[in-house]
Amino acid sequence: MVRFHAGYWCNGVAAIALAAHATAAGAQTVQHIAFDLPAQPLGDSLKALALQSGITVLVGSDAVAGLQAPALHGSYTSEEALCLLLGSSGLVLTQVEGGFAVRQAQANGDTAATRESQDIVVTGSRLRGAAIASPIVRIGQEDIRDAGLANLGDVVRRIPQSFGGGQNPGIGMNVPSASGVDVGGGSSINLRGLGSDATLTLLNGHRLAYTAVRQSVDVSGIPVAALDRIEIVPDGASAIYGSDAVAGVANIILRQDYDGLETSARLAGTADGGDFQQQYGALAGRTWDSGGLFAAYEYGSNTAIRAGERSYAASRAPGLDLFPALRHHSVVASGHQDLGSGLTFSLDGLYNIRWSDLTFPTIAGGNLDQGQATFSSVDKSFGVAPTLTLDLSGGWQVALGGTYGKERVDYHQLECAASVCSDSGSSFYRNTAKSLEVNANGNLFRLPGGVAKLAVGGGYRDIAFRRFVGTGSAVNTVASQDNWFAFGELSLPLIGPAANLPFVTRLDASAALRYERYPGIGDVATPKLGLSWAVTPDISVKGSWGTSFRAPTLYQQYQPRAVYLFPPRSLGATSTPASAGAILILGGNPDLKPEKATTWSTTLALHPRALPGTSLEISYFNVQYRDRIVAPITLLAQALSNPIYRDQIILYPSAATQAAAIASAGTFLNVTGVPYDPANVVAIVDDANLNAGRQRARGVDVLASYSAAIARDQHLRLSFDVAYLESDQQLSASQPVYDLAGTVFNPPHWRGQMAAAWTGGSLTLAANANYIGTVRDTRSSPAPRIGSMTTLDVTTRYRVAPGTPLGGLEFTLSVQNLFNAKPDPITTSIPYDTPYDSTNYSPVGRMIAFGITRSW
Numbered sequence: 001m002v003r004f005h006a007g008y009w010c011n012g013v014a015a016i017a018l019a020a021h022a023t024a025a026g027a028q029t030v031q032h033i034a035f036d037l038p039a040q041p042l043g044d045s046l047k048a049l050a051l052q053s054g055i056t057v058l059v060g061s062d063a064v065a066g067l068q069a070p071a072l073h074g075s076y077t078s079e080e081a082l083c084l085l086l087g088s089s090g091l092v093l094t095q096v097e098g099g100f101a102v103r104q105a106q107a108n109g110d111t112a113a114t115r116e117s118q119d120i121v122v123t124g125s126r127l128r129g130a131a132i133a134s135p136i137v138r139i140g141q142e143d144i145r146d147a148g149l150a151n152l153g154d155v156v157r158r159i160p161q162s163f164g165g166g167q168n169p170g171i172g173m174n175v176p177s178a179s180g181v182d183v184g185g186g187s188s189i190n191l192r193g194l195g196s197d198a199t200l201t202l203l204n205g206h207r208l209a210y211t212a213v214r215q216s217v218d219v220s221g222i223p224v225a226a227l228d229r230i231e232i233v234p235d236g237a238s239a240i241y242g243s244d245a246v247a248g249v250a251n252i253i254l255r256q257d258y259d260g261l262e263t264s265a266r267l268a269g270t271a272d273g274g275d276f277q278q279q280y281g282a283l284a285g286r287t288w289d290s291g292g293l294f295a296a297y298e299y300g301s302n303t304a305i306r307a308g309e310r311s312y313a314a315s316r317a318p319g320l321d322l323f324p325a326l327r328h329h330s331v332v333a334s335g336h337q338d339l340g341s342g343l344t345f346s347l348d349g350l351y352n353i354r355w356s357d358l359t360f361p362t363i364a365g366g367n368l369d370q371g372q373a374t375f376s377s378v379d380k381s382f383g384v385a386p387t388l389t390l391d392l393s394g395g396w397q398v399a400l401g402g403t404y405g406k407e408r409v410d411y412h413q414l415e416c417a418a419s420v421c422s423d424s425g426s427s428f429y430r431n432t433a434k435s436l437e438v439n440a441n442g443n444l445f446r447l448p449g450g451v452a453k454l455a456v457g458g459g460y461r462d463i464a465f466r467r468f469v470g471t472g473s474a475v476n477t478v479a480s481q482d483n484w485f486a487f488g489e490l491s492l493p494l495i496g497p498a499a500n501l502p503f504v505t506r507l508d509a510s511a512a513l514r515y516e517r518y519p520g521i522g523d524v525a526t527p528k529l530g531l532s533w534a535v536t537p538d539i540s541v542k543g544s545w546g547t548s549f550r551a552p553t554l555y556q557q558y559q560p561r562a563v564y565l566f567p568p569r570s571l572g573a574t575s576t577p578a579s580a581g582a583i584l585i586l587g588g589n590p591d592l593k594p595e596k597a598t599t600w601s602t603t604l605a606l607h608p609r610a611l612p613g614t615s616l617e618i619s620y621f622n623v624q625y626r627d628r629i630v631a632p633i634t635l636l637a638q639a640l641s642n643p644i645y646r647d648q649i650i651l652y653p654s655a656a657t658q659a660a661a662i663a664s665a666g667t668f669l670n671v672t673g674v675p676y677d678p679a680n681v682v683a684i685v686d687d688a689n690l691n692a693g694r695q696r697a698r699g700v701d702v703l704a705s706y707s708a709a710i711a712r713d714q715h716l717r718l719s720f721d722v723a724y725l726e727s728d729q730q731l732s733a734s735q736p737v738y739d740l741a742g743t744v745f746n747p748p749h750w751r752g753q754m755a756a757a758w759t760g761g762s763l764t765l766a767a768n769a770n771y772i773g774t775v776r777d778t779r780s781s782p783a784p785r786i787g788s789m790t791t792l793d794v795t796t797r798y799r800v801a802p803g804t805p806l807g808g809l810e811f812t813l814s815v816q817n818l819f820n821a822k823p824d825p826i827t828t829s830i831p832y833d834t835p836y837d838s839t840n841y842s843p844v845g846r847m848i849a850f851g852i853t854r855s856w
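Residue numbers (the numbering used here): 1 to 856.
If you're looking for bench data, these hints aren't it; they were derived computationally from the structure. Every residue gets a Cβ at the ideal spot worked out from N, C-alpha and C, and that includes glycine. Some hints here could point you the wrong way.
Here are the simulated distance ranges between beta carbons [stated by the list, open to error]:
no. : residue 1 : residue 2 : range
1   : 486       : 762       : 48 to 56 angstroms
2   : 765       : 412       : 23 to 31 angstroms
3   : 278       : 762       : 20 to 28 angstroms
4   : 291       : 421       : 53 to 61 angstroms
5   : 473       : 418       : 27 to 35 angstroms
List of simulated lysine-lysine pairs, DSSO-like, C-alpha gap at most 30 angstroms [stated by the list, open to error]:
no. : residue 1 : residue 2
6   : 593       : 434
7   : 434       : 380
8   : 596       : 434
9   : 406       : 434
10  : 406       : 593
11  : 406       : 596
12  : 406       : 380
With the hints as extra help, turn the sequences into a complete structure.
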């Protein structure tokens, strides 16, 4: 409990003072506080921070006049929060007894006793305190708790800018592989629906090993208790981070320090049956004068959702599991230690093991007693990232860091017909990742708007992939790829409030360039430019332009080729003799080049001083994605009849050309029924991977928030996030352009989320509404409409006051999908087709969850 002592203005100095309750006056531990402050005048944010954290902040009124503070969402120490609020304002902190003083930096630099305000790195930049010209979506620990969620996979699937396809549990087997798969039960982020391999996902700024066959990262193995916040930049970021950051980058940021022990338990179940969840966790940590360490453990499980338990699926897909049974153990640890003389060592690590089981029928009618199969997998992932950081004079910092990660999915399928069962045998995907990087960043010189900053660095990265499906199998793959990189980033605060210019309160420019060399693939250089313009303290505009890329996956390159000799008629030919044959080539291509994209975005931000706590951002984005790696023939049955595939056809190939095609493959299978004779081959159909696709995505994001103290000990938080998307694709230059967004197994045009939370003393009441728009089922003509899905979640949290017999306890009661909204069914053709669009809509239904957390 804290008490407000004073807030007054005297001789041009604002003194905002808060003192802790007498029983806590002597505490020395580092405390993280959950802040939820909108973009607003800096003076208002400093006052709100002081009131909430219980520290004294001294600042001259002239020093903050006309300055704007960014939004602040997440759990930070008071000093970290101050650093983020000050940003590139040109103000610095000096520690004083009981708090901090904020003042202008000296022209010749500050002494070591002065704490610079630009010490925090925000996702989207490698510079501490730099202005970010791209939009940022932040989800804090408190946001997740208010939503009643307990799994990071559930959290990211609700983000309006992300698509539920890619690598995610519950993706049906009737979903095209380009839209999504479920191998191992992992969860990934898929911004703009461009593919989970086109979104770079980081943990505390570090890369992790990929999961299964996709270049995506599983986030569900990270305990929510270890999380501080998620920062998402839905804008191209390869100039900062390298490959994969085409649609954007997501950074999962862990707590920095934790003192004490927290234990938790959660039980949940659905109203219609299935998906009974258990979750148990512990968070323990300790801080000391020169460092800190914490570790979080989580066990979780859920039962499968059977089609027979859902009215829309019981008769359409009897015997099918709509969602797999999952079980996992996860551990995350993070620590840091000051070694003296400005040198700090930090270490982040994680381990996760997850079991997944999915049962489906193998015969029409769905009678599991007559025919069924169970696909089972075990996913093990491990990662560690050590870093040495050295603070130098002049605001410079040098860091040497490395990462090592492994991920392995073992799987097998058990099939039973009547009482006879057969096991497919053990198979696996294995991914490893290693990297080493050195970087430096710091101050260059002072400009009218603040201090210019520079970041430079370089390093080495190596990834490896192995696929095994049986001894001697022709589809087994073993491959690796390394690359060298160098980067630079510059931040230029050109104009500040002191210039007193009309319509220019602040003007910040930024530029970044990254170069990567992939032996055997090629070189890639990706620039990015940004501009942030505060027109007035209430209105600002920012924009960015850049190029991004995604290196081809090792599976796309080295998946063994297969060559088949087919009857030409099965590939669309007419009037060919019975002895004729056509060669079909499928599989990988070692000559693939990186996919490339040009991206730009612009944002209008409103943060009216007349309505403190209010923020509105409207962003437009545009992605032009080219050289996408595709299998270019959509319908093999039309390969020889549809002229759009002519670029992939060689008519009447020579014997030498046929021999080269057959030699390029690991297998050659003749399914014509007549002996292979080169003289009888009328065509070669090449459907192997190649850089031929083009994809466009464009749309609008609207982010709004309001936060205010509405009465004594009462606080209200409102937020709104809606995304509109248009996207289309062209598989090759000779093929037509077809829509993606708004069609089945692709993102809808509209997605949105609205949240409201009221806190009064120890009680929090929260509601979250989620909207997923309509799509059209273009698999038939005319294309039927699949209805939208709107869900409402309500959560109640009660914290027992300290000093009572139950002090330290928090009780949570949550109802997800309060009105039990259900997905619209779609047409299916085989017994194991999922009878709804499993990339967009959820089969869970109404879920009731109860949780208990205890701080010891």
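Could you say whether the range 20 to 28 angstroms given as a hint is met by the Cβ separation of residue 278 and residue 762? About 27 angstroms separates the Cβ atoms of residue 278 and residue 762, which means 20 to 28 angstroms holds.
Within 30 angstroms, alpha carbon to alpha carbon, are residue 406 and residue 596? Roughly 27 angstroms separates the two Cα atoms, so the pair holds.
Could you say whether the range 27 to 35 angstroms given as a hint is met by the Cβ separation of residue 473 and residue 418? holds (28 angstroms)
Verify the proposed pairing of residue 596 with residue 434, using a straight-line Cα cut of 30 angstroms. holds (24 angstroms)
Given the range 48 to 56 angstroms, decide if the beta-carbon distance of residue 486 to residue 762 lies inside it. At 53 angstroms between Cβs, range holds.
CA of residue 406 to CA of residue 593, is that 30 angstroms or under? holds (25 angstroms)
Assessment of proposed distance window 23 to 31 angstroms (beta carbons of residue 765, residue 412): violated (47 angstroms)
Decide if the proposed pair is consistent with the structure: residue 593 and residue 434, CA atoms, cutoff 30 angstroms inclusive. Distance of about 22 angstroms is within 30 angstroms: holds.
For residue 406 and residue 434, compute the direct alpha-carbon distance and say whether it is at most 30 angstroms. Judged against 30 angstroms, a Cα distance of about 9 angstroms means the pair holds.
30 angstroms limit on alpha-carbon distance, applied to hinted pair residue 406 and residue 380: The hint holds at about 8 angstroms.
Do the beta carbons of residue 291 and residue 421 sit within 53 to 61 angstroms of each other? holds (55 angstroms)
Does the structure keep residue 434 and residue 380 at a Cα separation of 30 angstroms or less? Judged against 30 angstroms, a Cα distance of about 17 angstroms means the pair holds.
Consistency with the previously given hints fails for number 2 only.
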